[in-house]
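Given chain A's structure and the hints, the job is docking chain B onto it.
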Amino acid sequence: MLLLLTVHLAAALVAPALVAWLGRRAFWVLALAPASAAAWALAHTAVVRYGRGPVEVVEWIPTLGLELSFRLDTLSWLMTVVVGGVGALVLVYCSAYFKPTAAGLGRFGGVFTAFAGSMLGLVTADDMLLLFVFWELTTVTSYLLIGHYADRKASRRAAMQAIVVTTAGGLAMLVGVVLLAHEAGSYSLSALLADPPTQGPLVVAGIACLLAGAVTKSALVPFHYWLPAAMAAPTPVSAYLHAAAMVKAGVYLIARFAPAYADQPVWQWTVVLLGAGTLLLGGYRALRQHDLKLVLAFGTVSQLGLIVLLVGQGTQGAALAGLAMLGAHAMFKASLFLVVGIVDAACGTRDLRRLSGVGRELPWTAAAGALATASMIGLPPFAGYVAKEAGLEALLHAEGDPLGWVVLGAVVVGSALTVAYGLRLWWGAFATKKAVLTEAQADDGEGGATTTSLAEGGHESSAPAQITHPSLLLVWPALVLALLGVAVALLPGLGEDLLLPHASTYPHGEPGHLVLWAGVTPAFWLTIGILGVGGLLFVARDRVERWQGRAPRVLEADRVYRRSMRRLDDLAADVTAITQRGSLPVYLGIILVAWCTAVGTALASGTSWPDAVRPWDYAAQAVFGAVVVVSAVLAARARRRLKAIILLGIGGYAIAGLFLLHGAPDLALTQVLVETISLVVFVLVLRRLPPYFSDRPLALSRYVRLAIGVAVGVVVAGIALVAPSARVHAPVSADFAEEAYEFGGGKNIVNVTLVDIRAWDTMGEISVLLVAATGVASLVFLSARSGRIFREREAPADRAVWGGVPDPMAAIRRPAGSVQVPADAEPGAPGTRRAGVGTGARAREWLRAGRTLAPQRRSVIFEVVVRLLFHTMIVYSVYLLFSGHNQPGGGFAAGLVTGIALAVRYLAGGRYELGEAAPVQPGVLLGLGLFLSAGVGLGALVFGGTVLQSWILEFTLPVWGEVKLVTSLFFDVGVYLVVVGLVLDVLRSLGAEIDRRAESGEDEVAADAVGGDDVARLEAGETVPARAAGHAVERGSGEGPEVVP
Amino acid sequence: MIDMSPNLTLVVVIGVLFAAGTYLVLERSLTRVLVGVAMLSNGANLLILVAGGAAGGPPLIGVTPEGEMSDPLPQALVLTAIVITLGLTAFLLAMAYRSWQLHRHDEVQDDVEDRRIARLAARDERAFEDTDTEGDGETLAEEAAIARDETDRGGPGSGAVDHGPAQDDEDSTAGVTR
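So the sequences go chain by chain: A and B. All residue numbers for the first sequence refer to our numbering, where the first residue is 17 and numbers rise by one. All residue numbers for the second sequence refer to our numbering, where the first residue is 9 and numbers rise by one.
Looking at chain A on its own, in the form it has when it is part of the complex (with noise of 0.2 Å):
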């Protein structure tokens, strides 16, 4: 059975090529898929009479206990052979039916054979999941034939109501299902029927979703709207799936579980209530309808409700009957689509009221059409008569059950119903009417008087269609179908003989006969009975018509699908009102206070304290901790935002104290850089931002926002006081300091557990750093992923970097000027003496590119102190790099103070200084760093260790003595690499890019926010040596512009 469904599956994937390759005959090799699945069953049939069908299981996902199972009984071979034979039938039919132009043609193609193998799949699956996965596939590929002209709105609203209603009740299926297989323990269909759940609500309500899904996927009430209105399909796909295949897989279902659970009263009231209902309906409906393939659609609403009525009855005799006529439906409604099709394509119209003489011009297809219709309206000998014979003989025999005189009641009226559409629908297509030829030929409204129901589309509509002959390969599949209608019937006691098997797993009742003559019998008088008040309907379809379109019009339920629909837009529209306002502090307020309030619950209820606590460690704990306490008081009421700023860096420095004491060199050591180095940073960014923050009127709000604040610091100090003594295990990192040193070769456990023992964690870190830094380049450079490297050499002779505010120092430098800085030059006259100054001038610089500064921004003490201290910071962090394995230090750390060196270099020399310090490109180090981490992690895998595994190499070098190298070094080295990217790459961006905006006029400096431009300020006005602190300066007093001559 997997290698039919592979077949289907190619067949669907080449269909597109195939049928560009070969045009319409494509659909020939197509329909060899599904004849190949009917040839299959056929082939089967003797085993599986005798009930060892065959049987496939493959494992699929075992830990969800899903299996490819698969196994035809008599259920599944019936629907096998429906699905396949149609399915062959109607794909070959497609190749004349088309256009050779026609568009989608090899979509289409592929979308039916994929269908045809949902199918297939659907009516064999033996696991009950694989089963609703199959179920949903059919959903699909139905939603995309139905939509196959998807320029037309019909097609797509049909389209979307038939998916939406499916899929519904498919989900309720799902729910169904996985109720039904916990009650059973098993996903098995076969263990589950063996042995089903009877007892108890879950039971109950799992059958009930079950039904759920069987009633919308075959279109009962109140789910019946769909199927009308997917006649917006193509109409080879009207005949397959919505007469042979989908709608049936309901059926199947139903048939499936009825042995099980018939005898539940919640199944036999929806199947009774809902099947007669749509028996009646689908039938009242047709009379009315005035397209062929809306009068077939509600016919087949109808066949559906008898078919659901017999099936989940529960009784032998009923079961077969049901059985039968679902084979008998599926050979005469597909065959009276296709009828239906042809006529439509030779008259270009399918409205009744159009069509005369159809019958005299396409004999062939007419005589396919009466055939199938008497199967339909159940004329001896047809499948269809022998079917409903058995249905009327099981239902009289239903002694003492009230429910069983109401279902035959329906049936039989249902059935008088058929014979009136069934007949009104032949005459429609194939009888020469005189009312349309009288009309259009003498234009005489007189003679359309008596039937006003032709007459009622008006003159025009009424005019009778031109009709051509189509190709006579159209016929035949039609009339292949209608004749098996008779052939099955005829031979005595094969469907008996087939369908049995199934029939017979029903818990009551005794079994049915399928004949052709029974005798006079109670069942034989209503047969005659429903012929002659479908006879007397027909006669009388004017008179009925009237009536019914006089008769008050009830709730139709596509008014109400649509109706709720757009109640549902509305009430999605209303909850995303209330619960999307788009705010951020809004969302970020409901998230804190659902969190306080489930983790402060669970902290107040389910948690012990702590018997014991202390106050602190050491008694510098509290000197930090005061520190850190006040400075996030005063960073949060800070207006100004630079005094927020510094404030939070003192906060940061307590806490490095903090980690100190707490027994962590490694995290002060971090915490210190890392703060530092935030500073530099915010106070970059802050030259653009307005000094101030914004004032924020509403108190309220502001009170709110204090309340959420301290409820969420009182539930997290609630956690730290019981997160300690909650540990019932001894720590992961007990063993650690062995670990460290016999397989880390270190130390410093900390970097060893960094570097090595949870080396695949700091590589995701590391990636989010990288990820971090690209980020921040891209939102300041916008189109590229950074921009050129500053070169010295490169700059204007202008020197205006950071330029733009008055020199008030110009008076003085002047006469000082040809002594000290001999390439001075003031800012409104750009120097042009660079050339004269040249190397000479160079050599005395303590910066490389100190000169491209404006001169009032340099500082001789801060770069002579620069000039000492780079080289210093660099040394100084290579020795943390490589001590690090031992002591505190490591990647972090000393990418960190390289970091900072280049910060001290950019801010004492400006952008060209930063590119002479560092010439090259942050991505550079970025992607060698996390190669380095990485590659040499993969490399472990050469030498037969595992990914990131560290080696300790100790050898004797000649001068240098002992040497104890551990291979996790590369990759400390490839972390360091990264920090020192992200930091270069956030001087690139947020200060060199920035600056040279600013003095390129990229950036229109706002003019209250000049006086964001603190760093200028301070530079500006303040004492110079200050500056060593760089940040922590207040905003200069001395800021009288001077007016340069």
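Everything labelled a hint here was simulated from the structure, so no lab data went into it. Since this is a predicted model, take the numbers as computed values, not measurements. No false leads were mixed into what you were given.
Label pairs and their calculated CB-CB ranges: (1) Arg-106(B) - Trp-611(A): 25 to 31 Å; (2) Glu-121(B) - Val-720(A): 22 to 28 Å; (3) Arg-112(B) - Ser-1016(A): 16 to 22 Å.
Yeah, the Cβ is synthetic: ideal placement off N, Cα and C, and Gly gets one too.
Coordinates of chain B only, in the frame set by chain A:
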């Protein structure tokens, strides 16, 4: 086993950091949000450390006897967290700068689209037009009348005029324009 009784000083510090951080995060100015995030991460780092047990000697072999060391695992976790906070800070600052570039301030504004939807919902208007689900008053029969497949009509019948192409054109335009 390490002493697991909580250190009150640190508990208070953590509580204050979280309270102040939350207060700031609920603001609209990105700079303040950023300061809040930094405080929250400082608080969280301390919390991890406290959850790991009481203070001890630095986890350096040879410096501290093994029984007196503080737990190295939370330290390793916190160390990377500190550096990642730096990355996050830089990223948020770049966002603040970008916001300034575009709007001349760094305030997080309400989402305009969300507010439009809320406004329309309050007036019971629709935020979008979905003609496919709206009923346009056409009955099933009217829809069916214009839905035709692209069929091969075959040769003209006896004396019948082949008006197939014209008919088809009409249909396809009808299908598209509606």
